[in-house]
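Here our numbering is used: the first residue of the sequence shown is 277, the next is one more, and so on.
What the hints contain is simulated information worked out from the structure, not anything from laboratory work.
It is possible that part of the hints are untrue.
Here are the simulated distance ranges between beta carbons [said to hold, decoys possible]:
| no. | residue 1 | residue 2 | range |
| --- | --- | --- | --- |
| 1 | 289 | 336 | 16 to 24 Å |
| 2 | 284 | 328 | 27 to 35 Å |
| 3 | 310 | 285 | 30 to 38 Å |
Backbone N, C-alpha and C fix where the C-beta goes; we use that ideal spot for every residue, glycine too.
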Amino acid sequence: MVIILNLSGRIMGIVVDGVSDVIALQAGQIRPVPDLVATIDTKYLVGLGTVEERMLILVDIERLMTSQEMALIDSIEA
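Generate coordinates for the entire structure from the input sequences, incorporating the hints supplied.
Printed below as a string of structure tokens:
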């Protein structure tokens, strides 16, 4: 499966194993990332979402994909 993204004005696709759901969350369903986990880098996380009994980790995909660690946007131009 391929997810199409619009990142920094560029259209790109990323290959994923699968997509189970596409969910729209309201602001009240999103909580901040807790500071309890010191061993995990949370700079790419937006928050934690809740839908019924499910807990969802919300990732800032644009920040992740344009980061120096991923260097994906720069490698596309090269």
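The hints, checked one at a time:
For residue 289 and residue 336, the hinted distance range of 16 to 24 Å is satisfied, since their beta carbons lie about 18 Å from each other. Between residue 284 and residue 328 the beta carbons are some 34 Å apart, a value that agrees with the proposed interval 27 to 35 Å. Taken as a hint, the range 30 to 38 Å holds for the pair residue 310 and residue 285, whose Cβ atoms sit roughly 33 Å apart.
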